[in-house]
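Asker: Given the sequences, and given the hints that come with them, work out the whole structure.
Chains as they are written, first to last, in the working numbering: chain A, 13 to 449; chain B, 6 to 298.
A couple of the hints might just be wrong.
Claimed, not checked - With beta-carbon atoms standing in for the labels, derived distance ranges: (1) S202(B) with G196(A): 50 to 60 Å; (2) F34(B) with G327(A): 45 to 55 Å; (3) A74(B) with E80(A): 20 to 30 Å.
Said to hold, decoys possible - Only some residues are given here: those of chain A computed to face chain B with a beta carbon under 10 Å: (4) I86; (5) M262; (6) D406; (7) G410; (8) D413; (9) R436; (10) V439; (11) L440.
Keep in mind the hints are simulated off the structure, nothing from the lab. The structure presented is a predicted model; accordingly, all values stated were derived computationally and were not measured. Don't be surprised by glycine CBs; every beta carbon is placed ideally from N, CA and C.
Below, each chain spelled out in residue letters.
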Amino acid sequence: MKQIKALICSIALFAMFAGTAAQAKTEIQWWHAFGGRLGELLNEQVEKFNASQDKYTVVHTRKGNYSETLNAGIAAFRAGQHPNILMVFEVGTASLMAAKGAYVPMYQLMKDAGQKFNPKGFVSAVSGYYTTTDGKMLSMPYNSSTPVLWVNKDLMKKAGLDPEMDLSTWKKVGNALDAAKAKGIDMPFCTCWHSWIHLENFSAYHNIAFATKANGFAGLDTELAFNSPVHIKHIQTLGKWAQEGKFKYMGRRNEAGKNFRAGECMLMTESSAGYAGIKKQAKFEFGIRHLPYYGATQAPQNTIIGGSSLWALSGKSKEENKGTAAFLAFLSRTDIQAQWHQDTGYLGVTTAAAKKTKSSGFYKKNPGTDLAGIQMMRNKVTQNSKGLRLGSFDQIRGIIDEEMEGVYSGKKTAQVALDSAVKRGNVLLRRFERANK
Amino acid sequence: MEKRVFFKGWMLPAILVAPQLIISFIFFFYPSGQAIWNSLFLPDPFGLKTEFVGLDNFRFLLSDPYYLASFKTTIFFSTAVSVSSMAIGLYLAALADRLIKGAGVYQTLLIWPYAIAPAIAGVLWLFMFNGNIGLASYYLKALGYEWNHTLKGDQAMFLVILASSWGRISYNFLFFLAGLQAIPKSIIEAAAIDGASFWKRFGTIVIPLLSPITFFLLVVNIVYAFFDTFGVIHTITSGGPEQSTTILVYKVFSDGFVSQDLGSSAAQSVILLVLVGILTVIQFKYIERKVHY
Chain A
13 MKQIKALICS IALFAMFAGT AAQAKTEIQW WHAFGGRLGE LLNEQVEKFN ASQDKYTVVH
73 TRKGNYSETL NAGIAAFRAG QHPNILMVFE VGTASLMAAK GAYVPMYQLM KDAGQKFNPK
133 GFVSAVSGYY TTTDGKMLSM PYNSSTPVLW VNKDLMKKAG LDPEMDLSTW KKVGNALDAA
193 KAKGIDMPFC TCWHSWIHLE NFSAYHNIAF ATKANGFAGL DTELAFNSPV HIKHIQTLGK
253 WAQEGKFKYM GRRNEAGKNF RAGECMLMTE SSAGYAGIKK QAKFEFGIRH LPYYGATQAP
313 QNTIIGGSSL WALSGKSKEE NKGTAAFLAF LSRTDIQAQW HQDTGYLGVT TAAAKKTKSS
373 GFYKKNPGTD LAGIQMMRNK VTQNSKGLRL GSFDQIRGII DEEMEGVYSG KKTAQVALDS
433 AVKRGNVLLR RFERANK
Chain B
6 MEKRVFFKGW MLPAILVAPQ LIISFIFFFY PSGQAIWNSL FLPDPFGLKT EFVGLDNFRF
66 LLSDPYYLAS FKTTIFFSTA VSVSSMAIGL YLAALADRLI KGAGVYQTLL IWPYAIAPAI
126 AGVLWLFMFN GNIGLASYYL KALGYEWNHT LKGDQAMFLV ILASSWGRIS YNFLFFLAGL
186 QAIPKSIIEA AAIDGASFWK RFGTIVIPLL SPITFFLLVV NIVYAFFDTF GVIHTITSGG
246 PEQSTTILVY KVFSDGFVSQ DLGSSAAQSV ILLVLVGILT VIQFKYIERK VHY
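Answerer: Written as structure tokens, this is what we have:
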């Protein structure tokens, strides 16, 4: 009995001390969407920051996928239980921007905390996404990627193709798929993120509008425009491939990545950040190529980013905001950024990180890892290739996915599906415009 | 003469009914009132500002062809789940009722699936029919049938019906079995002596005597299919492909908590509330008349 008493006492004492020790540091909550390998790498960054100073402790929590994280953040904000830092994927950017008062703009946060912060140090193709038209940066770019073509070289050989063959245009890709199908390859082509790759990036890459008003950058009264002949041609091609069994639909997000990593799929369009997983799991020789395009168009212009940025939510104490600023400044340090870029395949979001990676010889050792960066920055951006800023865009993407499923299953033509997606999406844009006037 | 008990004064009866009233108010009237109130506004997701829009949310909904399609989906889905799970439940109960040896084992095993939560059941079936690693989809492919419920609406519908009915069969089985065992053997034996065949006895004696239980199960199963199947649909299809498995209650969730359109979501809850009210009235007014107690 006495022993138990002593045990309880010591536990209570320990808890008291542990409690005071934790209280001495200001806790910074970070909600994010990363699991798996990316989650491990994120955790490494947080641990490094926590060990590097003794004033703040960053506590990170995974809240599900991108959409779920954003929704958890919004619901928590309504209840007044929100974290200091919220990861918001690029699609949610317009929703956050419109919610003035829900966040502390990045430039403001850094200024208040007295942190040195140079927005010009970021790659403009990335930071432009999170900056207002008058040049104020609102959130901190965290992970940014762009779609590329992944090649399973072993399957290419099995299909009797030269694994180094030219795959720069969709026509050439089509020929390769024909050959693969003829040789009995079960899944010649698959893709992740249908709307992001085959409509959003497709538009930027071909320098055609995805939506009017500079893809929404110039005003809330924007309208969708992705039912042009070039768009229809591409989606119709995908639909035809699906009917002929050359393209297999695996799901709306990155489900197809599993099939590629398992060596079933020969060619896959997926984010450059598929690199972390593919490098770890693929038991075959893989290659990275630029995203294909159609000839006799303005392509290749440049592709746009996907990924997320970190928003400092409002309503937190000055001390906590200081900690948030310190952590975000830490994340943008060149060494941290360069490491992240090399580990994950995400772009180095600061120019210094990109330079450091290049001079370290990383690209030479890992051929293809520099393609994403080149593809994004190959031309001066136009108003069609700057990015997208559309309200309710997560929902609009859902509509696009639905309509594209109709094309792949052969129920609809590309023309009908895209016209319908534009019409349905515009209704949501008007509703968003009304709610955010 | 009917017996009646009278309370003196009003304090005791008030105290006795108060807990029920308070619970109804907190968990039913207050949220319903909130839903009706919110359905008249168009708020931004963060709750920073809101605008009174009258009935615009309803107008917006009723002009959305996908919302109207969701009604059809819901009717088809709940009919399929209720009918299939009740028919199979009754069939199994009729068989188990005739067992002499090992009845307890059969009965226990048949009840097990009911213990599994809808979301878990969803993941289980999803796992079997997964396009990459699923055993069922693998064998179907070997038989030359292409299974891809992420793309084919009818397959997705079949899968969510299967997963939703599965656990429900146990529940229906349990009630039907109890009902069957409550039917006096003497009536059935008398009919048998009169020369009625098994099916004749089943149709003219068993079914009518089971009708109170059948009616009860119909109400409960339809409510289940309307609301509790959320977990199954969320885990298996998330309402896709092309909203072919989006039932009304799933749309309330996806518009409100995925798309952050709380005005539209509240309006849908109100419509759902009215719909369930009408359904209950119909069930008790017209169908219950045909039930023999």
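Asker: Could you tell me whether the CB distance from S202(B) to G196(A) stays inside 50 to 60 Å?
Answerer: 57 Å, holds
Asker: Go through the hint on V439(A) and say holds or violated, using the shortest Cβ distance to chain B against 10 Å.
Answerer: Cβ of V439(A) sits 8 Å from chain B, so the hint holds.
Asker: Checking hints one by one. Is D413(A) an interface residue toward chain B, by the C-beta closer than 10 Å rule?
Answerer: 7 Å, holds
Asker: Measuring from the C-beta of D406(A) to each C-beta in chain B, is the shortest one below 10 Å?
Answerer: 7 Å, holds
Asker: Is 20 to 30 Å respected by the C-beta to C-beta distance linking A74(B) and E80(A)?
Answerer: At roughly 26 Å between Cβ atoms, E80(A) and A74(B) fall inside 20 to 30 Å, so the hint holds.
Asker: So does F34(B) sit 45 to 55 Å from G327(A), Cβ to Cβ?
Answerer: At 32 Å between Cβs, range violated.
Asker: Let's test the interface hint: is any C-beta of chain B closer than 10 Å to that of M262(A)?
Answerer: Hint holds; M262(A) Cβ to chain B Cβ min 6 Å, cut 10 Å.
Asker: Holds or violated: I86(A) as interface residue toward chain B, Cβ cutoff 10 Å?
Answerer: Holds. Min distance 5 Å.
Asker: If you take the shortest Cβ to Cβ gap from L440(A) to chain B, is it below 10 Å?
Answerer: 8 Å, holds
Asker: If you take the shortest Cβ to Cβ gap from R436(A) to chain B, is it below 10 Å?
Answerer: 8 Å, holds
Asker: For the hint on G410(A), just tell me whether its beta-carbon gets within less than 10 Å of chain B.
Answerer: Since the shortest Cβ distance to chain B is 7 Å, the answer is holds.
Of the numbered hints listed earlier, the single one contradicted by the structure is hint 2.
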